[in-house]
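Dock chain B with the ligand against the given chain A, drawing on the hints supplied.
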Amino acid sequence: MNMNEVPAGAAVDLSAHAADFPILSRPVRGKRLAYLDNAATTQKPEVVIEAERRFYRESNANIHRGVHWLSQHATDLYEGARERVRSFLNAARVEEIVFTRGTTESINLVAQSWARNTLQPGDEILITAMEHHSNIVPWQFVCEQTGAVLKVVPINDAGELVLDAFDELLGPRTRLLAITEVSNALGTVNDVAPLIRRARAVGARVLVDGAQAVAHMPVDVRALGCDFYAFSGHKLYGPTGIGVLYARHELLQAMPPWQGGGSMIETVSFERSTFAPAPQRFEAGTPHIAGAVALATAIDYVLEIGLERIGAHEHALLARATAAVQALPGVRIIGTAAHKAGVLSLVVDGIHPHDLGTILDADGVAIRAGHHCAMPVMTRYGIPGTARASFALYNNDEDVDALVRAIRKAQDMFGGRR
Amino acid sequence: MSGHEGFGDLRELYQEVIFDHNRQPRNFHSMADADHVAEGHNPLCGDQLTVYLKVADGVVQDVSFVGHGCAISTASASLMTEAVKGRPVEEVEALFRDFHALLTDVPPEGRDFGKLEVLAGVREFPARVKCATLAWHTLHNALEGGGTAKTE
Ligand SMILES: Cc1ncc(COP(=O)(O)O)c(C=O)c1O
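Each protein sequence line maps, in turn, to chains A and B. Numbering-wise, the first sequence is residues 1 to 418 according to our numbering. Numbering-wise, the second sequence is residues 1 to 152 according to our numbering.
Chain A with its partners taken away, still in its complex shape (with noise of 0.2 Å):
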């Protein structure tokens, strides 16, 4: 049920919901904006920006503290958060959804309570060629801390992953597989629910990056199987600053704590702290309140329009992207699998991507250029970088011609047409 998708082709027209996004309206640097910088983080609806607004004027007091009404009231809001997000990923227990920062935050939990506590020398933590370097670089510390070993999954020119590679380097060593759902750079959507069962098979932890995922495509992680999954609230329309870990309870309930402070507590004394249960032992100090509760509203926003909806919606805008820039002599797609979201990296002979990010942005059109936090992508392409355009619900046909016509421009300037 993953990957329920809407048959190709299928039109899903959402362009009433463009208007729920004030900040579409704004022009930049004097043109129609076209915000295609979607996988960096989403644009808000006025219904996020106004349900943060609204904890602060009516609901602000800190939580799990005060005896007062409005500490009870604001607890209760950010607690009914928490079971929003519960229902969305389909968790089994509420316990089992922490409030982080985001996904690197989130990831880094897992890394330093679970990993660093568990693992031994030469045990393997396995991950892909396509990671993000928050799913890569917490696990370089905890090799250092441990002695463990990262391994490495390889892309094909596709940008797919190996699979016989995975299986040869899936083992008995393997304590962690640690991958991304959706690749931000190649947007790649991997078919991670087989992976996750092999994993398991062999006795392995499932760490899943879900933070290019959730805002594209519905997502189940009692259906997955897998032990941890990491998103952030930023890309999923909501604030920043908040973002979330699912953990198996089990696995959470028996993780030691990985910040001290308030909140996380039972009891304190100079001699001794015991540590409240989970998830409260993983919120040391006070959190992002307002985020969480606003965080809700923005998965009942998304609901609410339906994610297959919305992930048909930017399959039409990628393959009508896709189609333009194919026929654009010198253009290259960086990322071409079989099973791809919304994202479109692209080089272009004889202009850097940089220069191509500047040429766009100067007719208001928002990419990302650069190497996306993937370098080993890059350097897997010998590329410095790519050109990037990732869609949202908001996002148009107006939106993709604005980008070929840009690209052409740029193309013209450079004199790069031949």
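Just so you know, not all the hints are guaranteed correct.
[As the list claims (entries may be wrong)] Taking lysine-lysine pairs in the DSSO-like style, the calculated list, with each CA pair at most 30 Å apart, reads: (1) B:54 x B:130; (2) B:85 x B:130; (3) A:409 x A:31; (4) A:409 x B:54; (5) B:130 x A:31; (6) B:115 x A:409.
[Claimed, not checked] Take a look, some chain A residues computed to stay more than 10 Å from chain B by CB distance: (7) 80; (8) 124; (9) 137; (10) 167; (11) 200; (12) 240; (13) 249; (14) 272; (15) 325; (16) 355; (17) 384.
Read the hints as simulated data drawn from the structure, not as lab findings. Even glycine gets a Cβ: it sits at the ideal position worked out from N, Cα and C.
Chain B with the ligand only, in chain A's frame:
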């Protein structure tokens, strides 16, 4: 910030001289007998270059570079090599300071930047200042670091 941005400003940034030096960078080769060498790297955009220098009697006798980067950084490196060749090191360092001010701050009055002036358009694109100054920072490091290395 100028109010009217778009093609006009873009042409300010991407002048013909920039395209020319991007397509055919001058002094674009390594230098086996260089006495000062430094590498520059802009991790954000992947720009990478190496600057080679020969300095004698306090004067830059020869300078070259290799590497890859965007048009702004390549053209800037190329223009830099032309601008500093044959100049006293002190003047080169002063030129770097003034050039940096030209791109980011109040341009020094009365300074004739010659061809380097074409890079002034970068002012309107703060995200690109690092591209235009990478070669200069690297040159500066080569002059400083090279000196240090020799004393060992
Ligand atoms: C695949 C992937 N993983 C992890 C991250 C990190 O997310 P955050 O910066 O929100 O922690 C990103 C964000 O760019 C991403 O695209």
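Hints, verified against the model:
1. Under the criterion of a C-alpha separation no larger than 30 Å, the hint pairing residue 54 of chain B with residue 130 of chain B is consistent with the structure, at around 25 Å.
2. With a CA separation close to 22 Å, the supplied pair residue 85 of chain B and residue 130 of chain B stays within the 30 Å bound.
3. Among the hinted pairs, residue 409 of chain A with residue 31 of chain A is consistent with the structure: their alpha-carbon atoms are about 15 Å apart, no more than 30 Å.
4. Using a Cα cut-off of 30 Å, the hinted pair residue 409 of chain A and residue 54 of chain B is violated, with the two alpha carbons roughly 41 Å apart.
5. Using a Cα cut-off of 30 Å, the hinted pair residue 130 of chain B and residue 31 of chain A holds, with the two alpha carbons roughly 25 Å apart.
6. Taking the CA atoms of residue 115 of chain B and residue 409 of chain A, the gap is near 26 Å; set against the 30 Å cutoff, the hint holds.
7. For residue 80 of chain A, the requirement that its beta carbon stay farther than 10 Å from each beta carbon of chain B is met, with the minimum near 40 Å.
8. Interface exclusion of residue 124 of chain A from chain B stands, the closest Cβ pair being 29 Å apart, more than 10 Å.
9. The Cβ of residue 137 of chain A sits about 14 Å from the closest Cβ of chain B, beyond the 10 Å cut-off, so the non-interface label holds.
10. Residue-level check passed: residue 167 of chain A sits 33 Å from the nearest beta carbon of chain B, beyond 10 Å.
11. Every C-beta of chain B lies more than 10 Å from that of residue 200 of chain A, the closest at about 37 Å, which supports listing it as non-interface.
12. Every CB of chain B is more than 10 Å from the CB of residue 240 of chain A (nearest about 20 Å), matching its label as outside the interface.
13. Every Cβ of chain B is farther than 10 Å from the Cβ of residue 249 of chain A; the closest lies at roughly 40 Å, confirming the non-interface assignment.
14. Distance to chain B confirms residue 272 of chain A as a non-interface residue, since its nearest Cβ pair spans about 44 Å, more than 10 Å.
15. Here residue 325 of chain A stays apart from chain B, with its beta-carbon at least about 20 Å from theirs, past the 10 Å limit.
16. A Cβ of chain B approaches the Cβ of residue 355 of chain A within 10 Å, the least distance being about 5 Å, so the stated non-interface status is violated.
17. Residue-level check failed: residue 384 of chain A sits 3 Å from the nearest beta carbon of chain B, not beyond 10 Å.
In summary, the structure is inconsistent with hints 4, 16 and 17 from the numbered list given earlier, while agreeing with the others.
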